[in-house]
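*Asks:* Taking the hints into account, I'd like the entire structure generated from these sequences.
Protein sequences appear in the order of chains A and B. 455 is the number that my numbering gives the last residue of the first sequence; the numbers go up by one with no jumps. 248 is the number that my numbering gives the last residue of the second sequence; the numbers go up by one with no jumps.
No lab work stands behind these hints: they were computed from the structure. Please note that a few of the clues may not be correct.
[As the list claims (entries may be wrong)] Sample of chain B residues with no beta-carbon within 10 Å of chain A, all distances over it, derived:
id, residue
1, 14
2, 17
3, 75
4, 92
5, 96
6, 142
7, 150
8, 170
9, 195
10, 201
11, 211
12, 220
[Claimed, not checked] Per the computed footprint, the stretches of chain B lying under chain A, defined by three or more beta-carbons under 8 Å from a beta-carbon of chain A, are:
id, region
13, 44-51
14, 185-193
The C-beta atom is built at its ideal place from N, Cα and C for all residues, glycine as well.
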Amino acid sequence: MSDLEQTAGTPGPKKINVHHLTRVEGHGNIVAEIGTDGQVEACRWEVPEAPRFFEAMLLGKHFSDVHQITSRICGICSIGHQLASLQATEDAMGIRPSIQTVALRKLALHAENLQSHLLHVAYLVLPDLFGVGSVIPLASTHKNELKTLISLHRMANEFSRVVCGRTTHPQRLVPGGFAKLPTVKDLETLRRDLKDSLSGLQTAVDVLASVAGAIPAFTRPTEYVGLVSPAEYALLHGHISTSLDQTRPAGHYRDVTNEYMVRQSTAKWTKNKMGSLMVGALARFNLNHAYLTPRAKAAAKALGLSAPCHNPYMISVAQLVECVHSVEDSLALVDGLVARGIKAEARMDIRPRAGKGVGTVEVPRGLLIHAYEYDDQGRIVDADCVIPTNQNHGNIQKDMDALIPDLRDLTEAEIELRLSMLVRAYDPCISCSTHFIDIRGGGGRGSMVRFVHPN
Amino acid sequence: MASKPRIAFFDFAGCEGDQLQVANLEERLLDLLEHVEVVNFREVMTERSDDYDIAFVEGSITTPADIDRIKGIRKRAKILVALGACATIGGVNCMKNFMDESVYRTHVYGPMARAYETIPARPVSAVVPVDAEIHGCPIDKEEFLRVTKELLLGRTPWLPDYPVCMECKAAGNICRYELGRPCLGIITRAGCGAVCVTEGAHCWGCRGLAPHANLDAAKYVMIDRGGFSRRQVQDLLRFYNGYTSAPL
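*Replies:* Structure below.
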């Protein structure tokens, strides 16, 4: 450390090489080099994750298995992948789920946003703001606060379990509806837990507010992309909107995402009107803040978050605001379901038909898109998934480019921390982001798949 | 082993859902920390050390660099535990093994098809010796605690050697075949409590084949008695169990 401190206040040379950044999902590297006279010689966000080729693996698969396969793209947002996948399949097959199914799916999405956001804010980001390397030391220095955060996270997991049957890779969600339903009694217990969590969330807001001074003040306006709806804070359904461009129906997602590839990353990058774009909690907050519930608006105010916010380090703050929103909106959804009673619905008899479908869902890290083309046997001939972290990679790089000249007089350790915190703020889900496909053409790629025993 | 064994977590190609299950132990993770020292867990901590006794490894081996990395981990660890379906049996990543490499490369990366390294997906045990396995997709956190305890006590962790059907009956589920649906519970290693069937789905086979599983009999049940097409049966067998010498 003392060696590093000696470089403070001096221009260079400095080298930052973070190999496999910690406290993020998946593998990413940060490389930065500052020359002797302070000029930036290199600044790269690299994704060396092993490619997994999910879109290719989907070719030829039957619609009844697809949401279970895509769930395995990510353990943290397995519910979100299922929801986007089911939407795409239902869109292609012309299926309209019931009001009860839609309400339960909204609950499933809230549950996942809660567990993912709380995991990120409490376990992955707070240690930076408290100046420690992990959440473990906080067990001795901030025992009560940590206990509250852990109980919130446990509540969110239990919430997922009650609605989906399991917290990770759930089994109840199927095309057309639910294979198994929660009971009214389950929902009443859930309502009590959700109500009880409001005071814990207030504690979480207070804890974050107490260390908000450690959040770096850095701003770089960018293009914010997310779903919008005239009826609500859009999460499960909506049109694709951006802060700089027109709103489009979900089927036109390619006009916004524009994926392209770079050598330093096995994950694809995206851009639209500017050199990069941002999806996720802060993008949603900037686009949809007017639709937040009253307590969520109060939390935003208490945390100093107001729209438009151009500081990417504030993504974690927006995530906590969304947690409050999710709990309040879930309470309303549960009340509605309990008032109507849970009705057993027969498993939908789905006759496959050839067609294309698109599913768009706001998952914890932002806009997730699944698009499939099916043959008349209900097997996939083309699949495209656009992952939130993919859309953010370019923005992370541009933020680093803009930030690093301001950091050049800091020590190597401080620069490394500041850049690591920036990437962590985005909550990148790198495993998700590394298998996504090039969209050119179309044209019979499915026919190239080799099946050993066709039917 | 030292009085407080040092444990480490590593991940290869996978969804990190198994490490998430460990994080989801919540307060009980803190209890576990009274008995072990976590020295490497990239997903939740910044400090890291290469000096560890037990290595928990998640994910499949899918690149040449992975092979070198897992060999290094094997060298340093006294005990290596494969964590979850991708690490124990290859898991969903092996679906690509049945496709032409040029097809999946081109489908995903187009003109950059050759820019990124990839080899057929395989479980950890196909590359280095593995001392213990915790099955499932994702792993069951109770089983993780049990196996870890057994390892800390110096015992060989116990694995069920009977199929999921045993637990499915105990759970009181209606057999999927009675409902006209396919299911791999007949040949899959138990230990999950038949969670997928209980939650309305069927067994996908994520815990691998039970010892002495009779694949021929299973195919007879599925194709001749159940009336499912060879393609349906093949899809199900290849969902998780693609890395095997058995004809799927």
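*Asks:* It remains to establish, for every hint, whether it holds in the given structure.
*Replies:* Hints, one by one, checked against the model:
Against the 10 Å criterion, residue 14 of chain B falls within the reach of chain A, whose nearest CB is about 7 Å from its own CB. In this structure residue 17 of chain B is not separated from chain A by more than 10 Å, as the shortest Cβ-Cβ distance comes to only about 2 Å. In this structure residue 75 of chain B is separated from chain A by more than 10 Å, as the shortest Cβ-Cβ distance comes to about 19 Å. At roughly 5 Å from the closest C-beta of chain A, the C-beta of residue 92 of chain B falls inside 10 Å, breaking its exclusion from the interface.
Residue 96 of chain B, annotated as away from the interface, has a beta carbon of chain A within 10 Å; the closest lies near 5 Å. For residue 142 of chain B, the non-interface assignment is confirmed: its Cβ lies about 13 Å from the closest Cβ of chain A, beyond the 10 Å cut-off. At roughly 23 Å, the least C-beta separation between residue 150 of chain B and chain A is larger than 10 Å, which holds for a residue marked as non-interface. With a least beta-carbon separation of about 18 Å from chain A, residue 170 of chain B lies farther than 10 Å from that chain, consistent with its non-interface assignment.
Interface exclusion of residue 195 of chain B from chain A breaks down, the closest Cβ pair being 7 Å apart, not more than 10 Å. With a closest Cβ-Cβ approach of about 4 Å to chain A, residue 201 of chain B is found to fall inside the 10 Å limit, against its non-interface label. For residue 211 of chain B, the non-interface assignment is confirmed: its Cβ lies about 25 Å from the closest Cβ of chain A, beyond the 10 Å cut-off. Residue 220 of chain B, annotated as away from the interface, keeps every beta carbon of chain A farther than 10 Å; the closest lies near 16 Å.
Under the rule that three or more residues need a Cβ within less than 8 Å of chain A, the assignment of the region 44-51 of chain B holds, with 5 such residues. As drawn, the region 185-193 of chain B meets chain A at 0 residues by the rule of a beta-carbon pair under 8 Å; below three, the given contact is violated.
Hints 1, 2, 4, 5, 9, 10, 14 from the earlier list are contradicted by this structure; the remaining hints agree with it.
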